[in-house]
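Q: Sequence:
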Amino acid sequence: MLEELKKKVLKANLDLVKHKLVLFTWGNVSEIDRESGLIVIKPSGVEYDEMKAEDMVVVDLNGKVVEGDLRPSSDTPTHIEFYKAFPDVGGVTHTHSTFATAWAQAGRSIPFYGTTHADYFYGDIPCARSLTKEEIEGEYEKNTGLAIIEKFRQDGLKPLEVPGVLIKSHGVFAFGKDADNSVYNATVIEEVAKMATITEAVNPNVTRADQFMMDKHYMRKHGKNAYYGQTKKK
Numbered sequence: 001m002l003e004e005l006k007k008k009v010l011k012a013n014l015d016l017v018k019h020k021l022v023l024f025t026w027g028n029v030s031e032i033d034r035e036s037g038l039i040v041i042k043p044s045g046v047e048y049d050e051m052k053a054e055d056m057v058v059v060d061l062n063g064k065v066v067e068g069d070l071r072p073s074s075d076t077p078t079h080i081e082f083y084k085a086f087p088d089v090g091g092v093t094h095t096h097s098t099f100a101t102a103w104a105q106a107g108r109s110i111p112f113y114g115t116t117h118a119d120y121f122y123g124d125i126p127c128a129r130s131l132t133k134e135e136i137e138g139e140y141e142k143n144t145g146l147a148i149i150e151k152f153r154q155d156g157l158k159p160l161e162v163p164g165v166l167i168k169s170h171g172v173f174a175f176g177k178d179a180d181n182s183v184y185n186a187t188v189i190e191e192v193a194k195m196a197t198i199t200e201a202v203n204p205n206v207t208r209a210d211q212f213m214m215d216k217h218y219m220r221k222h223g224k225n226a227y228y229g230q231t232k233k234k
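Start counting the sequence shown at 1; every next residue gets the next number (this note's numbering).
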């Protein structure tokens, strides 16, 4: 079942190691097949260098394992909430990458300081609130997803325009059109977080860059009149 998607999700998970976004088993990637409503996700606690495509777990939108001998990632309920809330999202990545997680632990959104940021994120990279004691002691992973969704709805954010989020005291979630794209965005978040950290160290009084710069750089890549890159041949 979904054998090609399993291979794709395995590769996306291995790319977390390739891009130095994870240590040990500190991360996971999933992708949803919208036609069937089934999600393929990394198994829980399995070392990356041991994983095979057949180890990927297939779950439905209720979290029920449809196929697989291993338990799915413990973050599966978080991924499920994103897929239910955001129909445009096809892939989700979770990491504890160093610089981005430092901003999450500080409870700070990553401000727009320059064009690298604006090439991928149309706005600051938000930081969602801490979970309450009741939320943590209850359905923790599900409530993590709900807190992030709450943040996006409160701020009027679109997950493919701002394809990533921090959650206070925790880590990073990135969104994408598919698994590969979500890993790409998680990689950008880490690099932008690193740049922002160094920027504030160099100039503690730095201010957010101009909105017109963000408009220009984001729209030239993602707007209806985008002109960055090559035109695809028909």
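Keep in mind the hints are simulated off the structure, nothing from the lab.
Even glycine gets a Cβ: it sits at the ideal position worked out from N, Cα and C.
Hints are not guaranteed to be accurate.
Claimed, not checked - Here are the simulated lysine-lysine pairs, BS3-like style, with alpha carbons at most 25 Å apart: (1) 20 x 216; (2) 8 x 151; (3) 18 x 7.
What the hints assert, rightly or not - Pairwise CB distance ranges (calculated): (4) 169 x 88: 42 to 50 Å; (5) 134 x 3: 37 to 45 Å; (6) 102 x 17: 25 to 33 Å; (7) 202 x 36: 25 to 33 Å; (8) 36 x 208: 19 to 27 Å.
Q: Look at each hint and say if it fits the structure.
A: Right, here's what the structure says about each hint:
no. : hint                 : in the structure
1   : 20 x 216             : 30 Å, violated
2   : 8 x 151              : 30 Å, violated
3   : 18 x 7               : 16 Å, holds
4   : 169 x 88: 42 to 50 Å : 28 Å, violated
5   : 134 x 3: 37 to 45 Å  : 41 Å, holds
6   : 102 x 17: 25 to 33 Å : 20 Å, violated
7   : 202 x 36: 25 to 33 Å : 50 Å, violated
8   : 36 x 208: 19 to 27 Å : 43 Å, violated
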